[in-house]
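Colleague: So the protein lines, in turn, are chains A and B.
FYI, the numbering used here numbers position 113 of the first sequence as 402, with every residue one higher than the one before it.
FYI, the numbering used here numbers position 93 of the second sequence as 409, with every residue one higher than the one before it.
What the hints contain is simulated information worked out from the structure, not anything from laboratory work.
Note that the structure is predicted; figures quoted are calculated from it, not measured.
For glycine and all other residues, C-beta sits at the position ideal for the given N, C-alpha and C.
Among the clues, some could well be false.
Label pairs and their computed distance ranges (CB to CB) [as the list claims (entries may be wrong)]:
(1) Lys-327/B - Gln-364/A: 47 to 55 Å
(2) Glu-342/A - Gln-382/B: 23 to 31 Å
(3) Thr-359/B - Glu-302/A: 31 to 39 Å
(4) Glu-466/B - Val-383/A: 39 to 47 Å
These are the residues of each chain, in order.
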Amino acid sequence: MNHDHYRNLILDEEPITPQEQADLDQHLQSCEECARLSRALHKSLNIISSAPEVQAPQGFTRNWLVEFERRKRAQERKQARTLIIALSSGILVVVLAALIIFLPEFSLISLTAGLITTVVQLAGTFERVWTFLVSLFQSTRPSTLVFTLFILVAWILLACFTLGLSVWKLAIKKIEVKK
Amino acid sequence: MKQLDQQWIEKARHGDEEAFTMLVETYQTPVYNLCFRMLGESTAAEDAAQETFWRAYQNLKRYDPQRPFTTWLLSIAAHYCIDQQRKRRYPVFELDEFPDFDLADPEIPNPESAAISNAEDEVLHQLINKLTPLDRAAVILKYWYGCSEEEIATMLSLTISAVKSRLHRSRQQLAAFALQQESFSLEGGIEQ
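Chain B extracted, bound-state conformation (with noise of 0.2 Å):
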């Protein structure tokens, strides 16, 4: 964490509320990033990023400066996200809504780059939607942003062995669902 992060989190705690807008400014990506793979739609992924703010912004005399601030943030998110996915259900996911695609956006791919960009994304979002919300979490957790078990434990409020236990088994869910897409496709392909 920065020395400029660090500054800024002492001056919202004691009610610097631009001090905190900053802090949304710098850290709105990994928050955004995570709430959008959680919940597959860009929407709710930015209402949930802006809870996840607002919840960390209330609970900010409770932080503990010895921990990253990014985890703290990401595991209110992660756990708003889980909360969201229990009670609302997300069964497909919208590929329209992917910000790339947004033909108003001048950096926008060739559609080449786009149609190969798409089909990846479905086939992530497939791949993810298979997982519980609590699993789905601690997949993106571990492989997208890197954090250890132990890191995993503590920001959904799991033990070391249950976040272990509940990796082990998503690795095999995801191993069996692109099996399947192997047999799948073999199948497409002698029948072609």
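In isolation and in its complexed conformation, chain A is listed as follows (with noise of 0.2 Å):
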């Protein structure tokens, strides 16, 4: 028997046809699990249904009236605040602009150079580290360059395998400790 159908129709409460009632009417007759559950659902709803309204507490205009006094205080409290931060925060950052367009020791003008003169210098600095590095390997014998692209090779490889060694130690330990 399928009980999912019938149990889905009386907790649904979709609109059904005339002939899915019959059937759930009938399916109720003979099945005692359905039928409980329905019988458990009408008394829940009922219960919730005819509840009584809940009066508000008496005196609520009352009370309503002082919390929105309060609150309007409050807000307009809280808008003077906004005000004078958003002009104190204007008038700082005019004032902060001033200083550096117009002062001579932090104009605007001085820095622009101050920080393109920087640029250069480095971008100097990689070009002659580049060309060091460049005429090194030109007056290098090639054994040499293998030799020592080799030893780079084997540090490497020693590296990996000691952290490769290291981490499964430590996943052996863990292992062990927790037997």
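Need the complex rebuilt from these two chains, each delivered in its own frame; the hints are there to steer you.
Modeller: Rendered as structure tokens:
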């Protein structure tokens, strides 16, 4: 017997056809489980829908008026604070901008010139380092280069092996501790 | 929506505070009821309802007059309560907080009916507390306020299929809880 179909009919509260209703009624007469579900649901919903409306406490409107005035004052204070903060921030920004633009020590032009000089110097340093590396590479014998490369690769492999070994040991130890 | 309400809304949209106070007076109970059912505690519910009206006042310019004002207000309240529940996680419901049991209330029911109401409310909040905040909001809007799935989808910023799926899951949980309660009471009866 397909109980799920009838359970859904009971729980969904969707409009059903007279044929479906007749089937459901017949099923409820023969299936105690579904009949109990239907009864329990109706009982619960009846308790909820028949509960009386709870009246607002006496003096609710009076309390509202007091609360309304309090909140309005708080909101006005908040708005005044926001306005003062916004104005102060605006004035501060204008003063700072004026200082940066007009004072000789902090003028915008000198700051920009200093920045460009630093960038050019940095680029020159990188170029010198690169030239040195290229000349070193060209002046070294191929056998020395191969040997250096071999040492470098061996060192990297050794470092990887050591790291792998450490991780493996740690993993084994963890398993031993668990045991 | 009454013609008078529309006039107040229009006046409030133009900054008339007294008109908005009239709207608070008119809609306080549905908003408070939703907050109370969502949060399960009167102080938190009142705070949430006050916050709802404040948010509504601040966003009144964005309110679409084509939409029912109650739906718009309840949508704000539901979103706020969902956020609150996600932040605080209300695990239990304080029965002492029920306004019905306030001894100072002259309309207090007799002890017998109070006991019945107490038990019913306990079951009710046990049921509701089983659901996630968003599912709870969907169930409350559907079964208390009679909102359609389309309205709930708009109010909770969900798709209609998501609302259907949430309601299906909630009904499943509610039925499971009722069955569980039934089996507990049966076991209790057998033991006695």
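Colleague: Against this structure, judge whether each hint is valid.
Modeller: Comparing the hints with the structure gives:
1. Lys-327/B - Gln-364/A: 47 to 55 Å: Hint violated: Cβ distance 21 Å, outside 47 to 55 Å.
2. Glu-342/A - Gln-382/B: 23 to 31 Å: Check passed, 26 Å falls within 23 to 31 Å.
3. Thr-359/B - Glu-302/A: 31 to 39 Å: holds, 35 Å
4. Glu-466/B - Val-383/A: 39 to 47 Å: Since the Cβ atoms of Glu-466/B and Val-383/A sit about 54 Å apart, the hinted range of 39 to 47 Å is violated.
In this structure, the hints that do not hold are numbers 1, 4, in rising order.
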